[in-house]
Structure formats: C-alpha cells, structure tokens
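Enquirer: Residue strings, one per chain:
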Amino acid sequence: MSLVDSFKIALNALRTNLMRAILTTLGIVIGVASVIILVSVGNGASREVDKQINSLGTNMLVIFAGSSRVMGRSAGAGSDIPLSEGDMQAVRDKVSGVTAIAGQLSDAAAVVRGSANWMTTVSGVHADYTLVRDWPIESGRDIGPSDVRSAARVALIGKTVVKELFAGEDPTGATIRIKNVPFQVVGVLSRKGQSSMGRDQDDAVLIPMTTARNRIVGKSDVQNDQVGNVYAKIDSSADIAVAQEEIESVLRQRRRTGANAEDSFSVRNLAEMMRARTEVLSTLSYLLGATSAISLIVGGIGIMNIMLVSVTERTREIGLRMAVGGRRRDILTQFLVEAVTLCLLGGLIGAIIGVAAAAAIAFAADWPVSVSPQILAMSMGAAAATGIIFGYFPARRAAQLNPIDALRSE
Amino acid sequence: MSRDQLAAVANTGPAAKATALPLLRAVDLKKAYVMGEETVHALDGVSLDIASGEFVAIMGPSGSGKSTMMNLIGALDVPTSGQLFIDGRDIGTLGTDDLAELRNRKIGFVFQQFNLLPRTSALHQVMLPLSYASPPPQDAAQIARKRLEQVGLGNRLGHHPRQLSGGQQQRVAIARALVNNPKILLADEPTGALDSKTSDEIMRLFTGLNRQGITVILVTHEGEIAAWARRRIVFRDGHIIEDVRQVPAWEKVEVPAIADGGMPV
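Order-wise, the sequence lines are chains W and X. Heads up, the first sequence is in my numbering, so the first residue is 29 and it goes up one at a time. Heads up, the second sequence is in my numbering, so the first residue is 49 and it goes up one at a time.
Any given hint might turn out to be false.
[Claimed, not checked] Cβ-to-Cβ under 10 Å is the rule here; a few derived chain X residues that face chain W:
id, residue
1, D125
2, E149
3, N152
4, R153
5, P166
6, T168
7, L171
8, L176
9, P177
10, P185
11, A189
12, V227
Derived by calculation from the structure, the hints in this document are not laboratory data. The C-beta atom is built at its ideal place from N, Cα and C for all residues, glycine as well.
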C-alpha cells in the first residue's frame, strides 16, 4: 500500500472523528504555537538589541573617570580624577586602532526659545562626536573643529527638543537660550531612539566642548581642560580588546598608577556589556523552550492514547485488511501515518495560532517580531516526530494483532 | 485454462503425477490450542483434497473444528502439525508476509457480517485488496467497477454501506473477494445475516461464479445453504465424519441463464 493511500485513509479516519482529533492534538497545538511565539518574539528582541548596540555606536569604547569597581563610580571619595584634554590627546596619539575620539561633558539645563522652555541634557562635545557615536546630522551642519577652538555659541539639537520647542518649524538658524546664553541652532540630529536603558537619546542638545566648559556646566566643578566621558572609535579591522588594553596602559602611564593600584578610570565596551545582558534573555527563552518541549511530550501522550483507542475501535477493520492481504508493515505504516497526520494537523493549527499571536504581540507591544520560515519548518518537524515516536506503540499493537481474533472482535 | 489444468496436461508421465497437487491438500492436519492447563485439539488429523472448480460445503456444530479448518484454508493461521498445501504451497512453511500475499492473491473472503469499511464507497471497498497487491494495478478503479457490475451493483459504485441493503452489502463483499481473481472463494456463513430470499440470491451468485471455474468453499451450519454445494464435508470433534458428493439444489430448481458471469439483479 502506498503512502498516498495510507494518507487518504488517515484523513478519512480523522474526518469521521474530527472533534476528537482536534481535542487530541491540543497539546501539539499549544507546543507548536508556543515555540513559534517564543522564537519569533525572541528573534525580534535580539534584533532590537542589535539595533540598540548599533545606536550606541559600533566599534566604540567609552572611557569614564573613576574606578571601575562600581559602575564607573569610584569607591573612595577623592579618587575621582577627571579625564582631561591631555588624556584624550594621548589616547588619540598613542593607541593605534583609534580612528576618532571625542569627549562629552553633560549637564542638565533648561533650554528656552521665546516663551517655550524645555529641560534637557546639554552636552559639550568635540568635533568628531557625531562620527564616533554614529549619529548623522539630519539637516544643517555639524559642530566643526573651528567651533570648538573659538568656543562658538552654536548648537545641534535632537529630535525631541525640536518637537518641544519648534513644533514643526525648521529650527536651523533660530536662536535658543541655554542658561540665559544665546545659541544659534546650526543643525538637527537624526533620530536615534531609545537607549537600552530606555532613555530618550533624542532629548539632547550638543554644543562645542569649550563653550560648555566656559559657560554652561557648573563652573566650580569644572577644571579647565576637563572633557567628561571620552568616546573612542576603533578601526573596524583592529581588535577592540587590544585597543582597550592599550588605552588602559596609556592612561595608567599618564597618571602614574602603581602596578597594584586601582585605576582611576575605566574603559568600557558598551556593546559587549549589552550582549552579555542579552545572554540572560536567551537563557530565559531556553527555559520557555523547554516548557514547549514538555507540552509536545504531553501532547504526544494524548496522541498515543487516542491512537490506542482508535486501534481498539477498528480491530475488525484491521482484521479485514489483514485478511485481504495487508501485511503487518502495511498496518503499521497506516497507523503511523495516521498519528503523524494527526500531529501535523495540530502543528498546522498551532502554527496559525502562533503566527497570529506573534503578529498580535508585535502590534500591541510595538515590539519587533520576526517569524522565520526555519522555525515554522522546525516546529512542524517536531510535531511530525512526536507523531512517529508516540504513534509507534499503538501502530505496532495494531500490526501485531492476530487476524482471526481481530476479525472475530466486536 | 487454470494452472491446475495446465499442470494436469503437462504431468502425463507416471513420475510427474505424484508431484501434481490438487488446489487444496490437507495431510494429517492438526491444530491444537492451549487454554490454561488444557490443550484443545481443534483439528485432530484431517486429510482432505479439494480440486480446482469444486463447490464444497463444510458443516459441523460449533466446536467441531470447521472454523479452525476455515482459518487454515484461508491462510489466516498455520497448523500445529501436518501439512496444508494451497495451490502448491505448504502454508506451514510460510512467514506472515508470505501468508498475507497468499491471501491477497489466492483467496477471496466473504464473511457473515460482510466486514465492509464504514463511510467508504462500494468502489473503494472493492479496491481495497488491490491496494495491498504488489505492485498495485494502475487501473484499480476500473477493475473494481467491473467486479461490482458482475455482482449487479454497477449503479451503486458511490454508495456507502449504510445506503445499501444487507444483500447488496454482501454483494459488495463478494465483489471485493473476487477483485484479485482468487483461486478460492471462502465464505463463512455468508447468508447468516440475510433473509431467505436474499440468501437465495447470494447462493445463485456463488453458483454462477463456481460455474465459471472458481472454487467455492462454504462454511455453514444450515443444511439448506449446504444443499447448494456439490460436495458436503461434515466435521465433528476435529475429524471429518462425512464427505459426500451430492446433486446441488440449483440443478433441481430453475436457474436463470448466466451471461458473462453476470447475475440477475
């Protein structure tokens, strides 16, 4: 008997007990649906994380002042030696992989335009800052080296600030006041979105580093050549870990840190740290994956149960099939195909539910979800395998029946 | 010309004659079942020849061994000892796959309860044995249709068992039994579930088929049904107690002309 014939018989048998078939496959439905939802949401999440890593700036190292012990803050008071222009200069000159470097000295400040005002983060930056952060200018011009040299009163503003202060108008060329100092808006930064911590990165105003030191950031806190945090872009062909070590050794030399002494700064690879955080996420999804595997096993036991019922109900049919020439393996195949068909039916329903639920989650949570064909194929494969594994025992029982007894059964 | 007839023509020499077997030969056939501590000898040394083209009724009360004999003739079971040759093959030497193939090719079963598949059209019922043939014929539907026409159900191809009368269901079963051109039509109480008029129709059908050359073996406890056969074998306690030739009932009553094997509906 051909597989196609077996499949037709299986469909016919399932059709006559359609409700029972659907209820039986519920475990498979849930298993397949949850696998698809999980993996799709998980894929979307890791894609989102990748996007955030890119928004941090790729191949970028951040140098913070202070000990590396507690999140960039020194444990002991007074050990905070700020990073200076000289430190930045030394890193730029001595570390081979550094292609661009810029400081960022930030402070919260109210920005006023006419009668509107908005509390935002104002950062003094060097000319290469937008390059290092992979943050292109959407309109207008960037802050150039001459702006930094002359401590020009120019500003780049983020999308959120544009929205709050300009309400649809073109801000380029307009004047805003920061801490009562007038600045000319020379450009608008492109949208960067939320940071991994959920902070709105577009709620920002960039001004030249020198201007910030002289006029904006609390003067008493600021030494003459302080640069805040330093962002260094590393050449994509260079080893970022090597660059990190080189930066550390250059700064240790400059600061004459003893061999066993604590560093008064820390160098971070933010992208790495973020990836490490996503490991937790993937551990979680493995756990949930195990849950759906259990669901498939429970579903498989349901399949086995109903197939045993089916074999009992159809004992006479099995006897007849044997009498007219069905071999044991024909009977085995027929019931295996039936179990697999049942599981694939459940898998199909599960896949439809899974894809629909993934789409609903994407819509409701504004969370990117991606359903890959591989996961669809994989989950259907898992459903079919469940059918073979749990269908084998009932099918073998059918095939081992004695034709005489089977024909005589009620 | 059947294989046996061919063999009879070929085996004219005295040496060859010894190897020529009838369609069915039982030699000291025994079948015992162990039930708990007891061993039941359902068949206790049966020897029997049935030639191709015979119409045999096997009779006997329950427990006589006639059902056991039928299971062996149907290659559904193998003997404990002795030999049973079906068309030259000793079934005791065959494995389950070979037995299945033998049933498929040589034997057509007709049961008391018809044993049709539920929710399956007459055409597909009849096609069932063809699907187990190796290789399955390409024109299975065509062959099945012809057989249904032969039993007078050419206009019921798409009907399911529920939509057919008992007699019609049994005809579907007979068409199914015939579809692989078997040597033996083995019928177990084929009229047991039918009224006398329908029984009569079914027995006429068997008679017509037998006249075309097929060997019919009928297992029954009804004398009236056994009367249609040309030979009557009676079992008791695992032995044959009677084996007689008889003039069948259809020669006493008027049988309508049978053209091309077709039976009047």
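Enquirer: Each hint: holds or not?
Expert: To see whether the hints hold, each was checked on the structure:
1. Given the 10 Å rule on beta carbons, the hint for D125/X holds: about 6 Å separates it from the nearest Cβ of chain W.
2. Taken as an interface hint, E149/X checks out: its beta carbon lies about 7 Å from the nearest beta carbon of chain W, inside 10 Å.
3. Because the smallest distance between the Cβ of N152/X and any Cβ of chain W comes to about 2 Å, under 10 Å, the interface hint for this residue holds.
4. A hinted interface residue such as R153/X counts as satisfied when its beta carbon comes closer than 10 Å to some beta carbon of chain W; here the least separation is about 7 Å, so the hint holds.
5. Nearest Cβ of chain W to the Cβ of P166/X: about 8 Å, under the 10 Å cut. The hint holds.
6. Checking T168/X against chain W: minimum C-beta separation of about 7 Å stays under 10 Å; hint holds.
7. With a cut of 10 Å, the hint placing L171/X at the interface with chain W is violated, because the nearest CB-to-CB distance is about 13 Å.
8. With a cut of 10 Å, the hint placing L176/X at the interface with chain W holds, because the nearest CB-to-CB distance is about 6 Å.
9. A cut of 10 Å between beta carbons decides the hint on P177/X: the least distance to chain W is about 4 Å, and the hint holds.
10. Annotation: interface hint on P185/X violated; nearest CB of chain W at approximately 12 Å, more than 10 Å.
11. Because the beta carbon of A189/X sits about 13 Å from the nearest beta carbon in chain W, more than 10 Å, this interface hint is broken.
12. The restraint placing V227/X at the interface with chain W holds, with a minimum CB-CB distance near 9 Å, inside the 10 Å limit.
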